[in-house]
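Kindly produce the complete structure, drawing on both the sequences and the hints.
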Amino acid sequence: MPKPAKPQIASANDLLEGHVLYLSGDAVWTPDRHSAFVSTDADELGALADKASRNRQVVDVAFIEVTVADDGDPRPVALREVIRDRGPTIRTDLGRQADHTIQDGQARNV
Numbered sequence: 001m002p003k004p005a006k007p008q009i010a011s012a013n014d015l016l017e018g019h020v021l022y023l024s025g026d027a028v029w030t031p032d033r034h035s036a037f038v039s040t041d042a043d044e045l046g047a048l049a050d051k052a053s054r055n056r057q058v059v060d061v062a063f064i065e066v067t068v069a070d071d072g073d074p075r076p077v078a079l080r081e082v083i084r085d086r087g088p089t090i091r092t093d094l095g096r097q098a099d100h101t102i103q104d105g106q107a108r109n110v
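For the sequence shown, position 88 (counting from the first letter as 1) is numbered 88 according to our numbering, and the numbering increases by one without interruption.
Please note that a few of the clues may not be correct.
As the list claims (entries may be wrong) - Heads up, simulated EDC-like pairs for lysine to aspartate or glutamate below, C-alpha to C-alpha not over 20 Å straight-line:
1) Lys-6 x Asp-93
2) Lys-51 x Glu-81
3) Lys-51 x Asp-73
4) Lys-51 x Asp-14
5) Lys-6 x Asp-73
6) Lys-51 x Asp-41
7) Lys-51 x Asp-93
8) Lys-6 x Glu-81
9) Lys-6 x Asp-43
10) Lys-6 x Asp-41
Simulated from the structure, these hints should not be mistaken for laboratory data.
See the structure below:
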């Protein structure tokens, strides 16, 4: 019996700024992980990522495994992706992670 597909989101880096971006259901790259399109169908996610990547504003598109919280929030499973989402692990008072608070072990935009 095949295993059920796990939920995934598409992640990439902004070509000019290097920031982490996530693919929304509108085929738009956004820095807001909470707006990311979640799918268990790799072909569907791939087609949406291809459509969104035509303007060549992103590099290193990857599908990352997530768990979906009760509130619908897609949360990365791999530690690497958690760190990419939150920002550097030192000097959390600086940079992108300074705009987040931690709730239930997950980064949240304030």
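Self-check item: Violating hint indices (sorted, rising)
Solution: 1, 2, 3 and 7
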